[in-house]
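Starting from the given sequences, assemble the full structure and let the hints guide the process.
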Amino acid sequence: MHVYIEDIGKHEGQEVTIKGWLHNRRSSGKIHFLIVRDGTGFIQGVMSKAAVGEELFKQADHLSQETSIIVTGTVRADKRAPSGYEIDVEGFEIVGQSHDYPITPKEHGVDFLLDRRHLWIRTERQQAILRVRHEVINAIRDFFNSSGFILADTPIFTPAACEGTTTLFPTQYFEETTAYLTQSGQLYNEANAMALGRVYCFGPTFRAEKSKTRRHLTEFWMVEPEMAYASLDDVMELAEDLVVEVVARVVDKRRPELKVLERDTSTLERVKKPFPRISYDDAVKTLQSKGLPIEWGGDFGGPDETTLSEQYDRPVMVHRYPAAVKAFYMKPDPDRPELALGVDVLAPEGYGEIIGGGERLADLDLLLKRIKEHDLPQEAFEWYLDLRRYGTVPHGGFGMGIERVVSWICKLDHLREAIPYPRMLYRLYP
RNA sequence: UCCUCAGUAGCUCAAUGGCAGAGCAUCCGGCUGUUAACCGGAGGGUUGCUGGUUCGAGUCCAGCCUGAGGAGCCA
Numbered sequence: 001m002h003v004y005i006e007d008i009g010k011h012e013g014q015e016v017t018i019k020g021w022l023h024n025r026r027s028s029g030k031i032h033f034l035i036v037r038d039g040t041g042f043i044q045g046v047m048s049k050a051a052v053g054e055e056l057f058k059q060a061d062h063l064s065q066e067t068s069i070i071v072t073g074t075v076r077a078d079k080r081a082p083s084g085y086e087i088d089v090e091g092f093e094i095v096g097q098s099h100d101y102p103i104t105p106k107e108h109g110v111d112f113l114l115d116r117r118h119l120w121i122r123t124e125r126q127q128a129i130l131r132v133r134h135e136v137i138n139a140i141r142d143f144f145n146s147s148g149f150i151l152a153d154t155p156i157f158t159p160a161a162c163e164g165t166t167t168l169f170p171t172q173y174f175e176e177t178t179a180y181l182t183q184s185g186q187l188y189n190e191a192n193a194m195a196l197g198r199v200y201c202f203g204p205t206f207r208a209e210k211s212k213t214r215r216h217l218t219e220f221w222m223v224e225p226e227m228a229y230a231s232l233d234d235v236m237e238l239a240e241d242l243v244v245e246v247v248a249r250v251v252d253k254r255r256p257e258l259k260v261l262e263r264d265t266s267t268l269e270r271v272k273k274p275f276p277r278i279s280y281d282d283a284v285k286t287l288q289s290k291g292l293p294i295e296w297g298g299d300f301g302g303p304d305e306t307t308l309s310e311q312y313d314r315p316v317m318v319h320r321y322p323a324a325v326k327a328f329y330m331k332p333d334p335d336r337p338e339l340a341l342g343v344d345v346l347a348p349e350g351y352g353e354i355i356g357g358g359e360r361l362a363d364l365d366l367l368l369k370r371i372k373e374h375d376l377p378q379e380a381f382e383w384y385l386d387l388r389r390y391g392t393v394p395h396g397g398f399g400m401g402i403e404r405v406v407s408w409i410c411k412l413d414h415l416r417e418a419i420p421y422p423r424m425l426y427r428l429y430p
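Taking our numbering, I'd label the letters of the first sequence as residues 1 to 430.
Don't read these hints as lab results, they were simulated from the structure. Worth double-checking, as some hints may not be accurate.
[What the hints assert, rightly or not] Here are the computed lysine-lysine pairs in the DSSO-like style, where the Cα-Cα straight-line distance is at most 30 angstroms:
hint, residue 1, residue 2
1, Lys19, Lys79
2, Lys212, Lys290
3, Lys10, Lys49
4, Lys19, Lys253
5, Lys273, Lys411
6, Lys106, Lys79
7, Lys285, Lys272
8, Lys58, Lys30
9, Lys106, Lys411
10, Lys30, Lys106
11, Lys253, Lys10
12, Lys212, Lys106
[As the list claims (entries may be wrong)] Ranges of calculated distance between the beta carbons of each label pair, as one might list FRET restraints:
hint, residue 1, residue 2, range
13, Glu349, Phe33, 35 to 45 angstroms
14, His414, Arg80, 27 to 37 angstroms
15, His414, Asp234, 31 to 41 angstroms
16, Leu196, Ser266, 21 to 31 angstroms
17, Met1, Phe112, 33 to 43 angstroms
18, Thr171, Tyr4, 33 to 43 angstroms
Just so you know, even glycine gets a beta-carbon here, dropped at the ideal spot from N, CA and C.
Given below as structure tokens:
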């Protein structure tokens, strides 16, 4: 009977078949230890010469790393096994050979591993990360789907800059036209919210910034909710609820994976409502009192974000930034027009910004003025301006970067491990 | 784009300007409880590239290539 390794505990004492790959092999003369993985887990198969006979035992002498094999044997509980179970191997069949597998059970450099990312993901650690990513994505979808949001995906080919500030990837669109890969679904999201009330989009996003840091990818995944009739406070509350739900779900369902990653879950278990909310003004004062060289009006750098988040045991929400450093579509604070009603959520443990968003500018005249100030081509935004012409309402939303969330939850030291095939400034392969 | 660092065996790394080395991987041999198993043996090199200094360069100098970390920008 074919079983998956993750279900092996249900089959103690039974003869089962595992279909997988040989992860590693150790041998001791008359006994082989075969570590087999099948995508759902790892298990040690114990093969003794006495049990399988001379011929099969000798064949197993030459089994190499990542050979695909089908193993049959009897499941046995064993305290020595990390998972609690082993298989006493009675037979095996080679499906595909594997010679000179490059990723050996020793240390490798990042460049070497990234060139072989298609094989690197076979390791226990990378599998654990990708399972956590899966759980994060599922938790996000469940959160929105069960709270009245409609999934309305926004286009990936776009005619012009969404924000104009960051660099876009141009791409040929048939003979004459240049299209750009989206850097945010937000503007379309606003239109969708005016149609459907509460919406979200969830897809890949592209930024042609020549960033070379552990916090950047050129292609990453982002979920962006948008709500009609919503204020900055509503947006902050939604962000808080989402993060709490996602973290709780991973801690609940992916504890074995977090253990593989040696993640201390106590810091994740502290991620509960309410998150501290601090104004940009107060954040700057705090940073200055800590001796950081920041002036009011400047955006936060990496060290600033780290210092701020270190003040708290859970994510912190920083709101009301200077309008000058934020996007043209942000609504100004009615009490202090030099501030924008925006919010960033900073993850703990130095992981920085995982969410950015706020209340949008709903007033037609002011929006026209901002487009001029930012030197954006008005004709490209006519459809967006229509949203203010035909029944404008206060509204807002945010974007959450999936890889940054996964990176934080797994406590990775680089975003590149949080996505199956990272795209970076100097990496487009495999 | 700027700053810093790195490039030596398939991999991870050593080598005062003076014989090119180790561990792992591979191959051969040994071992009935290994957990990155262990023990013995063997094969494996255009020291990123080009030029220069020197009796002699992996090592020093110049330029280039490739990569990493950081800055800016952002999720």
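Cross-check of the supplied hints:
For the suggested pair lysine 19 and lysine 79, the alpha carbons sit about 24 angstroms apart, so the restraint of at most 30 angstroms is met. Our distance criterion of 30 angstroms between C-alpha atoms is met by lysine 212 and lysine 290, whose separation comes to about 27 angstroms. Between lysine 10 and lysine 49 the CA atoms are separated by roughly 27 angstroms; this keeps the pair inside 30 angstroms, and the hint holds. This hinted pair checks out: lysine 19 and lysine 253 have alpha carbons roughly 25 angstroms apart, not beyond 30 angstroms.
As the CA atoms of lysine 273 and lysine 411 are separated by approximately 21 angstroms, the hinted pair is consistent with the 30 angstroms bound. Among the hinted pairs, lysine 106 with lysine 79 is consistent with the structure: their alpha-carbon atoms are about 26 angstroms apart, no more than 30 angstroms. Distance hint between lysine 285 and lysine 272 is fulfilled; the C-alpha atoms sit about 26 angstroms from each other, no more than 30 angstroms. Restraint check: the Cα-Cα separation between lysine 58 and lysine 30 comes to about 10 angstroms, which is no more than 30 angstroms; the hinted pair holds.
For the hint linking lysine 106 to lysine 411, the alpha-carbon distance of about 22 angstroms falls within 30 angstroms, and the restraint holds. Of the pairs offered as hints, the one joining lysine 30 and lysine 106 holds, with about 26 angstroms between alpha carbons and a cut-off of 30 angstroms not exceeded. Distance restraint check for lysine 253 and lysine 10: the Cα-Cα separation of roughly 19 angstroms lies within the 30 angstroms cut-off, and the hinted pair is therefore satisfied. About 27 angstroms separates the Cα atoms of lysine 212 and lysine 106, which keeps this hinted pair within 30 angstroms; it holds.
Look at glutamate 349 against phenylalanine 33: about 37 angstroms separates their beta carbons, and that is inside 35 to 45 angstroms. The supplied range of 27 to 37 angstroms is met by histidine 414 and arginine 80, whose beta-carbon atoms lie about 34 angstroms from each other. A hinted range of 31 to 41 angstroms holds for the C-beta pair histidine 414 and aspartate 234, which are about 34 angstroms apart. Take leucine 196 and serine 266: their Cβ atoms lie about 40 angstroms apart, and the range 21 to 31 angstroms is violated.
Under the hint 33 to 43 angstroms, the C-beta atoms of methionine 1 and phenylalanine 112, about 40 angstroms apart, fit the expected range. For the pair threonine 171 and tyrosine 4, the supplied restraint of 33 to 43 angstroms holds, since their beta-carbon distance comes to about 41 angstroms.
When held up to the earlier numbered hints, the structure conflicts with hint 16 and nothing else.
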